[in-house]
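Participant: Letter by letter, the chains look like this.
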Amino acid sequence: MEKAKINAGQLFVLIFLFEMGSALLLSLGIEAKQDAWMAVMAGMFGSLLLFWMYYRLYLFYPDMLPTSYMQDIIGPFLGKIAAYLYILVFMYNAARVLRDFGEMLVIFAYNETPLFIINALLLLLVVYITHKGIEVIARTGEILFVVLYVLAVTGSILILVSGLINLDHLKPVLEGGIGRILKTAGTETLYVPFGEAVVFFMILPYVNRPDKIKPAALSALVLSGINLSITMAVNVAVLGVDLTERSQFPLLNTIQAIQVAEFLERLDVFFMIALIVGGFIKISIYFYAAVIGASDLFRVKEISRLVFPLGLVVLFLSMVIASGYAEHIREGLHFVPLYIHLPFHVILPALLLTGAALKKRHSVNKRN
Amino acid sequence: MKIKLYCLTSALVGIILLSGCWSNQELPDLALVSAIGIDLEKDGRYTFTVQVINPGNVAGEGMQGTGGSESPPVSTYTESGWNLTEINRKLSKKVSRHIYFAHTNLVVISEKLAQEEGIMPVLDVLERDHEFRSSAQIVISHQSDAEDIMKTLSSIDKVPANKIINTMKSTEKVWGEHVSVSVRELIAKLVSPGEAPVVTTFHTIENQGETLQSIQRTNPDGRLEAAGLAIFKKGKMVDMTTGEISKGIVWLLNKVKNTAVSVQWEGEKHAAVFDLIRQQTKVSADVEKGGTVRMKVNVAAEGNVSEVQHPINLASPQALNKMEQRVEETIKQSIMHAVDKAQELETDILGFGEAVHREDPEKWKKWEDEWEESYFPEVQVDVSADVFIRRTGLRDEPFHRYLTK
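From first to last, the protein sequence lines are chains F and P.
Every letter in the first sequence is one number past the one before it in full-length UniProt numbering, and letter 60, counting from 1, is 60.
Every letter in the second sequence is one number past the one before it in full-length UniProt numbering, and letter 14, counting from 1, is 14.
With the rest of the complex left out, here is chain F:
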């Protein structure tokens, strides 16, 4: 474990930016059609439960990284395998977000630039900041949080002022019934983006005031849920369900639709900055979790010795996980939630928590 401390405010900012990350830019929960915003909210509420699970796990072992306490709960052999798998998952997720980010830039701005160059440039930065440690990531997050919020507020005002919002697009409310919303939430929004907060159980031991973790983390989840929900509602209200569904990046289309007073238009750069801020923090956190996990599992004292090789792995992984954008997105929608999110975000933590609780009770009984 790195000798570093972050405060609860920084944890809040990191969770918030992490959740907004790439989720802000995709059409989240659009399978619930015009009720997508409700599906996002439903997913967020579900994720509070998930996070409570990760938090309880942390309470059992407040000074240890999950990669260590897994070995304590389910024995050194199985624990090591589980920890190793988690490191792989974090690296895979980092690579996925990196690929998302690169693909978006190539599609929307740099048509002729090779994906590799874009990914490499971003990863260089991620490697650098991870090398500097969690404290630096947290402080960067604080600055970027302000940037993102200024953008969000300005963007919302401009969308309101240019009269683009047509609330009729959001009607009829609950057309597919509660069932469709819950189904979308259960199969999609619960895992992406909210369930991804599982990575924060690697970060929680660094928080200096354990009593403040719960309010900070839960309010960050709620706030990001509300923000994402509003974003989806605005996207649908501006573009309509059909266009939101077909858009690779609905927020980009919404922002492009802004026309205020004949001169405030084509604000694509808003989208660009939001994209880079979100993507950067999300990749950094995943990557940091993978690095710190590996250093803990393999007992490498200096994390800087792991940063570069693992960075290279993530970079090449981001290039080879899919041959094209359509494949990448389809994997993300159909394969990843079932085989990665469900076991590693829900089932394994639940098993670990049960194990930890049983073990604790056992040791209490023994003492008596």
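Rather than coming from a laboratory, the hints here were simulated on the basis of the structure.
There's no promise every hint is true.
Claimed, not checked - With a Cα cut of at most 30 Å, we get these calculated BS3-like pairs of lysine-lysine:
| hint | chain 1 | residue 1 | chain 2 | residue 2 |
| --- | --- | --- | --- | --- |
| 1 | P | K234 | P | K365 |
| 2 | F | K212 | P | K169 |
| 3 | P | K322 | P | K234 |
| 4 | P | K365 | F | K359 |
| 5 | P | K169 | P | K2 |
| 6 | F | K183 | P | K365 |
| 7 | P | K2 | F | K33 |
| 8 | F | K33 | P | K255 |
| 9 | P | K365 | F | K33 |
| 10 | P | K236 | P | K296 |
| 11 | F | K301 | P | K2 |
| 12 | F | K171 | P | K2 |
| 13 | F | K212 | F | K5 |
Could you slot chain P onto chain F? The hints should help.
Facilitator: Relative to chain F, chain P alone:
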């Protein structure tokens, strides 16, 4: 030694990272396209015309004494082929710079293409391309090719594309027979089963407005003017409306901002004029148990009397009340004309289907597929209007109240 190494590395990194973007495009290498026009040829090929701005000649705008530059503010280039991407690449044979679409504000599609093939095939590329903005306006050329519209010069706005857009927007605002539609809105209406689009048509006279001489006259030969509203059904243009019916459509779409309505008085058809200041049209659907659909249209309008040709005592509230009723009648009539037209053509340009969808999603699911053919023509429409005449200008009674007696 270490410092030197740091300096060297940062300098090298700087050289690599700060030297510029990968796919950079410098302004002098770009041909800024202000408008594009798409025509259909006899053999089914498309003809694609781009209107490229000549920067030097537009920049002179506003400077005194430089009027009448020697070459026109825009040039057009035309090429034909089977798809727009290919044509765009082929155009490079004629244009010396990279053809750049990020500033394209206007898309003109010829009537022939809209009627025969439908507009859907050509719209995909406009939506998909990352350079092109889907907030660009779209118009249909009426009784002329899109190419002719591209070529016609205009006198006040130097760039003809701007002239068309500004004309369309201003006439939508002050007269209300036309609507401005962006590519994005058009596509949204095309895909919605409970809505069909209307698009403004523009007209010019062939081969008349291409030279600078043509706009040096006070009454230019080739004039770009808004003609009517093209009505679409399943992506194809089926009819064009003008006058009263167009206005009814625009009322129903709640897009009227200002307009003038003639008031009939004591047998005289155009005795006074009601000048609309603001209005709000609400359309709601009422699905009865038997399955009949009743649309309720309510217009709330507010305005002034701006002109009186007949001696009417405008100081009397009773007279104004009566006048309000007359205006209500006229508005209702024009809305009913529009409804009749749409039902006759079996195309839901009025968005009634969407209103039903919002009102009764379950019934809508059953009706969705054959809404326009089977259900839409049978829809009953109740129109009600509330008109308020607030003021009568600087005078109450007209000066000719005693003279004409």
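Participant: Indicate, hint by hint, whether the structure satisfies it.
Facilitator: Comparing the hints with the structure gives:
1. Note on K234 (chain P) and K365 (chain P): the hinted pairing holds, with a Cα-Cα distance of about 19 Å set against a maximum of 30 Å.
2. Note on K212 (chain F) and K169 (chain P): the hinted pairing is violated, with a Cα-Cα distance of about 56 Å set against a maximum of 30 Å.
3. Between K322 (chain P) and K234 (chain P) the CA atoms are separated by roughly 43 Å; this puts the pair beyond 30 Å, and the hint is violated.
4. Taken as a hint, the K365 (chain P) and K359 (chain F) pair is broken in the structure, with Cα atoms around 55 Å apart against an allowance of 30 Å.
5. The suggested pairing of K169 (chain P) with K2 (chain P) is violated, with an alpha-carbon distance near 66 Å, which exceeds 30 Å.
6. Only pairs whose Cα atoms come within 30 Å are accepted, and K183 (chain F) paired with K365 (chain P) is accepted, the gap being roughly 20 Å.
7. Distance restraint check for K2 (chain P) and K33 (chain F): the Cα-Cα separation of roughly 60 Å exceeds the 30 Å cut-off, and the hinted pair is therefore not satisfied.
8. A hinted pair counts as satisfied when its Cα atoms are at most 30 Å apart, and K33 (chain F) with K255 (chain P) qualifies at roughly 27 Å.
9. Restraint check for K365 (chain P) and K33 (chain F): satisfied, since their Cα atoms lie roughly 14 Å apart, inside the 30 Å limit.
10. Straight-line distance between C-alpha atoms of K236 (chain P) and K296 (chain P) comes to about 28 Å, which keeps the hinted pair within the 30 Å bound.
11. Taken as a hint, the K301 (chain F) and K2 (chain P) pair is honoured in the structure, with Cα atoms around 26 Å apart against an allowance of 30 Å.
12. Annotation: proposed proximity of K171 (chain F) to K2 (chain P) is violated, straight-line Cα distance about 66 Å (limit 30 Å).
13. The suggested pairing of K212 (chain F) with K5 (chain F) holds, with an alpha-carbon distance near 14 Å, which does not exceed 30 Å.
Hint check: violations occur at hints 2, 3, 4, 5, 7, 12; the rest are consistent with the structure.
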